[in-house]
Amino acid sequence: MSDQDAIATALAYQDGIAVLTVGGDVDLATVPALEAAIDEALALKPAGLVIDLSNVAFLASAGLQALVATHNNISESAQFAVVANSASTSRPIQLTGLDQIFELYPTLDEALTAVKKNSK
Numbered sequence: 001m002s003d004q005d006a007i008a009t010a011l012a013y014q015d016g017i018a019v020l021t022v023g024g025d026v027d028l029a030t031v032p033a034l035e036a037a038i039d040e041a042l043a044l045k046p047a048g049l050v051i052d053l054s055n056v057a058f059l060a061s062a063g064l065q066a067l068v069a070t071h072n073n074i075s076e077s078a079q080f081a082v083v084a085n086s087a088s089t090s091r092p093i094q095l096t097g098l099d100q101i102f103e104l105y106p107t108l109d110e111a112l113t114a115v116k117k118n119s120k
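Residues 1 to 120 in my numbering are what the sequence shown spells out, letter by letter.
Derived from the structure by calculation, the hints contain no laboratory data. Mixed in with the good hints, there may be bad ones.
To be verified - Listed next, the in silico EDC-like pairs over lysine to aspartate or glutamate satisfying Cα-Cα at most 20 Å (straight line):
(1) 117 <-> 15
(2) 116 <-> 15
(3) 116 <-> 76
(4) 117 <-> 103
(5) 45 <-> 35
(6) 117 <-> 76
Unchecked claim - DEER-style ranges, computed between Cβ atoms:
(7) 40 <-> 119: 16 to 22 Å
(8) 55 <-> 99: 28 to 34 Å
(9) 57 <-> 32: 17 to 23 Å
(10) 87 <-> 109: 16 to 22 Å
(11) 40 <-> 75: 16 to 22 Å
Because the structure is a prediction, the values reported are computed rather than measured. Heads up, the beta-carbon is just placed ideally off N, CA and C, and yes, glycines get one too.
Can you build the whole structure from these sequences, using the hints too?
So, in structure tokens, the structure goes:
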């Protein structure tokens, strides 16, 4: 598997909220692809951004840094939430205390509900 194959992203919009679904391994080699997908998601200036890490098998510190940078970049203009429902994603976020920086949810539905509610 090449570095380009190690990550997959899909972007959709639901009621003005960008939903970026990520799959594979998020590490130093693949984080540029994640950052490009985040930039694409924010290009239309959505009311919120949900990054769904449900299909991520490995989340390295580079991925954590990308999440923090995204939160910092959009916190004034849009709601931000992360879906992390496995130990490989939620554990590094919680161990580093990042769940205190941005909202963390176990399901996409819960994240969307919260972002919609808070963006009104």
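Hints, verified against the model:
For the hint linking residue 117 to residue 15, the alpha-carbon distance of about 12 Å falls within 20 Å, and the restraint holds. Restraint check for residue 116 and residue 15: satisfied, since their Cα atoms lie roughly 8 Å apart, inside the 20 Å limit. Between residue 116 and residue 76 the CA atoms are separated by roughly 16 Å; this keeps the pair inside 20 Å, and the hint holds. In summary, the hint linking residue 117 to residue 103 is supported, as the alpha carbons are separated by about 13 Å, within the 20 Å threshold.
Pair hint residue 45 plus residue 35 holds up; C-alpha atoms about 16 Å apart against a cutoff of 20 Å. In summary, the hint linking residue 117 to residue 76 is supported, as the alpha carbons are separated by about 16 Å, within the 20 Å threshold. Between residue 40 and residue 119 the beta carbons are some 20 Å apart, a value that agrees with the proposed interval 16 to 22 Å. In this structure the supplied range 28 to 34 Å is violated for residue 55 paired with residue 99, their Cβ-Cβ distance being about 19 Å.
Checked against the given bound of 17 to 23 Å, the beta carbons of residue 57 and residue 32, roughly 18 Å apart, stay inside it. In this structure the supplied range 16 to 22 Å holds for residue 87 paired with residue 109, their Cβ-Cβ distance being about 21 Å. Between residue 40 and residue 75 the beta carbons are some 19 Å apart, a value that agrees with the proposed interval 16 to 22 Å.
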